[in-house]
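S.K.: Taken in order, these protein sequences are the chains called A and B. Okay, so the first sequence: first residue is 1 according to my numbering, each after it adds one. Okay, so the second sequence: first residue is 1001 according to my numbering, each after it adds one.
Worth flagging that the hints you see were computed from the coordinates, not collected in a lab. Ideal Cβ placement from N, Cα and C applies to all residues, glycine included. Please note that the accuracy of each hint is not assured.
[Claimed, not checked] Simulated restraints, written as ranges between beta carbons of each label pair:
hint: 1; chain 1: B; residue 1: V1214; chain 2: A; residue 2: D115; range: 27 to 35 Å
hint: 2; chain 1: A; residue 1: G16; chain 2: B; residue 2: S1025; range: 29 to 37 Å
hint: 3; chain 1: A; residue 1: R15; chain 2: B; residue 2: A1068; range: 46 to 54 Å
hint: 4; chain 1: A; residue 1: D66; chain 2: B; residue 2: A1030; range: 52 to 60 Å
hint: 5; chain 1: A; residue 1: D84; chain 2: B; residue 2: N1178; range: 36 to 44 Å
hint: 6; chain 1: A; residue 1: K32; chain 2: B; residue 2: P1149; range: 27 to 35 Å
hint: 7; chain 1: B; residue 1: P1149; chain 2: A; residue 2: D66; range: 34 to 42 Å
hint: 8; chain 1: A; residue 1: R167; chain 2: B; residue 2: P1149; range: 19 to 27 Å
hint: 9; chain 1: A; residue 1: L138; chain 2: B; residue 2: P1149; range: 44 to 52 Å
hint: 10; chain 1: B; residue 1: E1071; chain 2: A; residue 2: D251; range: 16 to 24 Å
hint: 11; chain 1: B; residue 1: V1170; chain 2: A; residue 2: G16; range: 52 to 60 Å
hint: 12; chain 1: B; residue 1: G1182; chain 2: A; residue 2: G119; range: 18 to 26 Å
hint: 13; chain 1: B; residue 1: G1132; chain 2: A; residue 2: E393; range: 54 to 62 Å
[Said to hold, decoys possible] Straight-line distance between alpha carbons at most 25 Å, and here's what the computed SDA-like set of lysine to any residue pairs gives:
hint: 14; chain 1: A; residue 1: K216; chain 2: A; residue 2: G139
hint: 15; chain 1: A; residue 1: K144; chain 2: A; residue 2: E234
hint: 16; chain 1: B; residue 1: K1161; chain 2: B; residue 2: G1085
hint: 17; chain 1: B; residue 1: K1212; chain 2: A; residue 2: R252
hint: 18; chain 1: A; residue 1: K18; chain 2: B; residue 2: P1149
hint: 19; chain 1: B; residue 1: K1212; chain 2: A; residue 2: G127
hint: 20; chain 1: B; residue 1: K1212; chain 2: A; residue 2: G139
hint: 21; chain 1: A; residue 1: K18; chain 2: B; residue 2: Y1154
hint: 22; chain 1: A; residue 1: K181; chain 2: B; residue 2: T1213
hint: 23; chain 1: A; residue 1: K32; chain 2: B; residue 2: K1212
hint: 24; chain 1: B; residue 1: K1212; chain 2: A; residue 2: K216
hint: 25; chain 1: A; residue 1: K18; chain 2: B; residue 2: K1212
hint: 26; chain 1: A; residue 1: K181; chain 2: B; residue 2: D1072
hint: 27; chain 1: B; residue 1: K1212; chain 2: A; residue 2: E234
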Amino acid sequence: MNGHRQFVLRTVEERGVKFIRLWFIDVLGLLKSISIPVSELDSALEEGVGLDGSSLEGASRLREHDVIAHPDPRTFQVLPWRPDSLVARMFCDVRQPDGEPFGGDSRAALRRVLDHASGLGYTMQVGCEVEFFIFGPLGKNGSKPQTLDDGAYFDLTPLDVGSDFRRRTIEYLEQMGIPVKASHHEVAPSQHEIQLAHTDALSMADAVSTFRIAVKEAAHELSAYATFMPKPLEDHPGSGMHLHISLFEGDRNAFHDTEPDVPLSPLGRSFLAGVLAHACELSAVTNQWINSYRRLATGFEAPANVSWTRRGASALVRVPSRRPGRADGTRFELRSPDPACNPYLVLALILASGLRGIERGYELQAESVDDAAEGRRLPLDLREATDLFEASELVRETLGDRLVDAYVANKRRETEDERRTVTEFDRSRYLRLL
Amino acid sequence: MSDAWIYGDRGSDTSARLLAELGFSPHRVAANGTLRPPEGESKSPALALILASGLEHPSCAELCARLAADEDLGEVPVLVALGSGALADGLGVAEGHELLVEPFTAEELQARIARARRAVNGIDHDDMVRVGSLEMNLATYQVAIDGRPVDFTYMEYELLKFLVTHPRRVFSREALLNRVWGYDYYGGARTVDVHVRRVRAKLGSEHAARIKTVRSVGYRWEGT
C-alpha cells in the first residue's frame, strides 16, 4: 500500500491539486462527498476521516453512529472537469472506529461477496450499457422537461445535437480510466446510451458512480441537465442499464461451453438459474424507485417476466449469440436494472444469487421462444418489490441487517409519500368525472 | 534506496564508496559463482557492477551471460569496470551495457550508469523516460504527452512504467499480474486487459498503439 500512498502524495504535490474529494456511497447508491484540503491528506490516508454513519442511510436515517471513511488510494484520480482548480477524488471504504467494515456501507457489502467468490476461485466480469436523457435547463419542480432534439435510434448529426455532449462525456470518462466501448443516440428524443467496457464488479460499480457525475458535469457545461431517472417521458421508452455478466475461473470464462450450439456451460446455466430464481427479490434494488416501475409497465422492450432467451428483445435475460473463437465473450445480459440503481448492491446480489445457483445446483428454466409473457411476473410496483426484498433470506444474508433495514426504511417512506400525493393523474381523471 | 550489486573479489572498497556517494546501496556478491548477495532482500538491483580485473572463474563473459539469462536479473543494467591495462588484451571489453576503466571518479560512474540504464530500459539520468512526445518522470510519478500532464491511477501508472521500461519484450498476463500487481485484486487475469485498455485510452491515438496485443500471449511495448 506504501507505493499507492507515495503516488497519491507526489501526484498531489506535482500537479498542484488543491482539494481532495472523499467519495462514499449511501444506501440508495447516491454519491456523497467530503472535501479535504491537501494539508489533511496525509492524515486522511493514515487514519481516515470521521463522519456520521447515518449519512449513508439515505433519506430515512435510523440512528447516529460514528464511522471512519478510509480513502482507497487505488482509486485516486484527478477530476478532468473544471481544470482551473485541480480537484482529485478517492473512493472510501467506511469502517467502524474499531476497524471492522461498517454494516451500512454498500461498497463493503460488494467487497464481501467478491471475497467469497474469490475464495471459490471465481471473478465476475461486468459490462454495462447506460441509458439516460439530457434535457434543457430544468424549469420549476415537477414541470415537463425540454427535449433537446428529435433524434432517434443511432441517428447522426445534424439532428443529434447531443453528439458534442457525448464526445465531451467520453473524453471525461476516458481521462478517468473508464473505457467506453460505444455510444449512440437512443430511441427516444434526447436519450443517449454509453456502453462501458467490461471490468471487475467493484471497478464497474465505482465506474457507474463516476459515470453519473461525469455525465451530469458534461451536461452542465453545455447548460443542459442530464438525468438517470428511469422514465422521464410518458410516451417514450425509459432508461435502462443492461448488465453483461460473465464469470471467470482464472483465465477461463466459466460460462463458455465448448459445444458450439450450447449457449452456456452447465455452471453458467446454474448461475443464471440462481439469478432468475431470485430476480423478484432483487427487483427492489435493480429497480429501486417508484418511477422505475413506470419504465417496466409500458413495454418498449422493458422486461415484465422472469424469462431468458437468445433472440427476443424483451425477456429479463438475453444470452447473446456467440461469435466463433470468442470464448471470453460468453455472457448473459440482465435487462431489468435501471441507471438510477445502487450498482454496488445490484452487483453484490446478482453475484450472490448466481453463486447460490451454482452451490445448490439450480436447474435453468426452459428458454422462452418468442416474446410471449412466459415465466413468473416481476413485481408490479415498489411496494410489492420491497416486501419481497425484505423477506428474502438471500438478501439478508448477503447485505446484512443494517443495510437491509436502512434500505427498506427508505423504500417504505418513498411509497408512503407517494400514497399521500394527489397527482396530475388524479386531477385529469377524476376532477370533472366525479 | 536502490541496490547496486558488485561482482568481483578484490579488497578495494573504492567502487562501493563511489556507489554509496551516488545514493546507491552497494552489496558485494561473493566471487564463488553465485549471482546474488547473501543479504539480498530485493529480487533485483538497480544496477550491477562487475570488477572484471579480479575475475577468473567465472569469467566476465560467463557472468554477463548468466545475468542476462536469469529470470529476475535479465534486465538489470550491467557495467563492466576494467583494470587500467586491460583494454589492450580486449577481455571483457565487449561485455555488459557500459564500460569503465579504473580508476574512475564518481562523476564518470554516474554518467556511465545513466548510459547503461538508458540502453537497457530507456531511463534517462534524470529518471525520465521519453518515447516520442511521451514523457514519464519515474521520480515524481508524472506522465506528460506533448508537455501536457496525463492523470493515471497508480496501477495504470505502474503498468505503463513496467511496459515502457521493458520494451520489445512480450509479457503474458500472468507475468504482468505477478510483476506489476503482486497483491490481492478482484479482476483475475482479466485485470490486465482492463488496465491495458484504460492506459491506451488515456495515452491517446499517438501512443496507444505502442502497447501491442500479442494474440494469445500477452502484451509488448514498442517504441524505445
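S.K.: Compare the structure with each hint and give your call.
M.R.: Evaluated hints:
no.: 1; hint: B/V1214 to A/D115: 27 to 35 Å; verdict: 32 Å, holds
no.: 2; hint: A/G16 to B/S1025: 29 to 37 Å; verdict: 32 Å, holds
no.: 3; hint: A/R15 to B/A1068: 46 to 54 Å; verdict: 38 Å, violated
no.: 4; hint: A/D66 to B/A1030: 52 to 60 Å; verdict: 57 Å, holds
no.: 5; hint: A/D84 to B/N1178: 36 to 44 Å; verdict: 41 Å, holds
no.: 6; hint: A/K32 to B/P1149: 27 to 35 Å; verdict: 28 Å, holds
no.: 7; hint: B/P1149 to A/D66: 34 to 42 Å; verdict: 38 Å, holds
no.: 8; hint: A/R167 to B/P1149: 19 to 27 Å; verdict: 21 Å, holds
no.: 9; hint: A/L138 to B/P1149: 44 to 52 Å; verdict: 35 Å, violated
no.: 10; hint: B/E1071 to A/D251: 16 to 24 Å; verdict: 21 Å, holds
no.: 11; hint: B/V1170 to A/G16: 52 to 60 Å; verdict: 38 Å, violated
no.: 12; hint: B/G1182 to A/G119: 18 to 26 Å; verdict: 19 Å, holds
no.: 13; hint: B/G1132 to A/E393: 54 to 62 Å; verdict: 58 Å, holds
no.: 14; hint: A/K216 to A/G139; verdict: 17 Å, holds
no.: 15; hint: A/K144 to A/E234; verdict: 10 Å, holds
no.: 16; hint: B/K1161 to B/G1085; verdict: 40 Å, violated
no.: 17; hint: B/K1212 to A/R252; verdict: 22 Å, holds
no.: 18; hint: A/K18 to B/P1149; verdict: 16 Å, holds
no.: 19; hint: B/K1212 to A/G127; verdict: 23 Å, holds
no.: 20; hint: B/K1212 to A/G139; verdict: 50 Å, violated
no.: 21; hint: A/K18 to B/Y1154; verdict: 19 Å, holds
no.: 22; hint: A/K181 to B/T1213; verdict: 17 Å, holds
no.: 23; hint: A/K32 to B/K1212; verdict: 39 Å, violated
no.: 24; hint: B/K1212 to A/K216; verdict: 34 Å, violated
no.: 25; hint: A/K18 to B/K1212; verdict: 37 Å, violated
no.: 26; hint: A/K181 to B/D1072; verdict: 37 Å, violated
no.: 27; hint: B/K1212 to A/E234; verdict: 48 Å, violated
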